[in-house]
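Participant: Now for the letters of each chain:
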Amino acid sequence: MALRLSGVTRIFRPTHGDAVPVLEPIDLEVGRGEFLAVLGPSGCGKSTLLRIIAGLDRPTAGTIGWLEQGTTGEAEEARSIAYVFQDAHLLPWRSVLRNVTLPLELAGGGRAEAESIARATLEQVGLEEAVDRYPAELSGGMRMRVSLARALVVRPRLLLLDEPFAALDEITRQELDDQLRTLWLANGMTVIFVTHSTNEATFLAARALVLSMRPARICLDHRIELPTDRNASLRADPRFAAQAGILYQALLSGNRR
Amino acid sequence: MSAGWAVRWLPPVGSLVVLTGLAEVAIRVGRVSPLLLPPPSAVLAVAVSESPALLSASSGTAIAVLVGLGLSAVVGVTIAVGLSTSRFIERAFYPYAIFFQVVPIVAIAPLLVIWFGYGIRAVIASAFIVSIFPVIANTLAGLLSVDPALRDLFRIYRAGPVDTLFRLRLPAALPDVLTGLRVASGLAVIGAIVGEFVGGGGLGVVILGAMREQRTDLVFAAVGYASLLGLALFGLASLASHLSLRRWHASEKELG
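Chains Z and S, in that order, are what the protein sequence lines are. By this note's numbering, the letter at position 21 of the first sequence is numbered 21, and the numbering carries on one by one without gaps. By this note's numbering, the letter at position 10 of the second sequence is numbered 10, and the numbering carries on one by one without gaps.
Pulled out of the complex, with its shape left as it was, chain Z reads as follows (with noise of 0.2 Å):
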């Protein structure tokens, strides 16, 4: 087990207004190098949870506990987690390669070996004949391959995703889908992946949580019940349908409440 939740809950205090319950009580666990993709209706809270995960934020009540905590410093923790945001939120200023080198440098490592590592980084996403462009030369997609590579470079043993893809054309989003799960496999780091997709859920992950409306609780854990080996024909396959109906259903009751 990589990471547990016992009880994690969030009230946001507004400096006017009543409290606004955000996340029930939450207990959860996730395996080391599983990929749990967490799904709810927008505004349900699911950033929320994403975010006290990944340390930005912390919650009301409840402890989050890691299984290496015993053996590895706090710091080292840290650094191997990773978060990729809705939108790729590059540096402007910085060259492709020099967006991806920046969390090396922010660790601390010389630039050359924070460089090469970059560069073969961005051959993993697809991107390594892009290094010297800037952001705003680049398209939508292309620019969320360059946040991935910035998130892999590190090395992470846990990915955080928050809808990463949401803002791209099917065809692209698709392909970066694709991507990410390639990667997954190869890297084995554990992938937590916030989606409203119930498609890219069932496509991407091992495991999906079905998050109610606010406050949310845990509405279905549901194992994907799909083969490791996964390719765009999937995507036609009716035990892929049936997979993505019980997501929906759940959604469905989640929202009903």
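For the record, the hints were derived by calculation from the structure and aren't laboratory data. Not one of these hints is a red herring.
Examples of chain Z residues lying across from chain S (beta carbon under 7 Å, computed):
#, residue
1, Leu-56
2, Tyr-83
3, Phe-85
4, His-89
5, Pro-92
6, Pro-103
7, Leu-106
8, Tyr-134
9, Ala-136
All values derive from a computational prediction rather than experimental measurement. Every residue, glycine too, gets a C-beta built ideally from N, C-alpha and C.
Once you have looked at the hints, place chain S on chain Z.
Facilitator: Quick look at chain S alone, frame taken from chain Z:
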């Protein structure tokens, strides 16, 4: 390219020729006393005949302006970084920054002479005081409006305050710093000339001397040189902005 240049330069140059031509005719036909308003041709003649003196005066003013502006850039950005560290510090000290904006420079210029003596130091101080506020205000706005997701990114990678300042906040604020400097460049010329009125030197003294001799044409010629100086500085600041931002910032991308 030649067509592009014509489209770009014909309107401003054309309007200049037409307007000065009209002024020339109106002044000559209306028999306005050259003591009140000399015709543009007379001003141009003085600007050429007195050009050695005017150029050397301009270079004196230019040095004071450049030093004052440089100080504004360094001190202004430093102050903005200090103010941006916390809301408390901003609330406590920003009013003093506004003081630089509202202070009537003409009123305190004599004070600068008392503090710094006659000469270029008082002139530099005057240029500095009037040009620092736009640098502080714009830089502060830029530092405070950094993309929150990028702040989160730096937090996830455990970046310290120094790394965050130099790798995120200052580069993100650069377009605003340059906008501030562009505004400041015009103000610095005003500040320097007011400083020269009381502290001596440069175009300010030429203007005062011409006024005492009732040489209105020379006053206009000196004003023309001062305007050109301001224009050149504005152009320099715009060029710096274009060169440093052209690959990433929306404000420079359309210019191409």
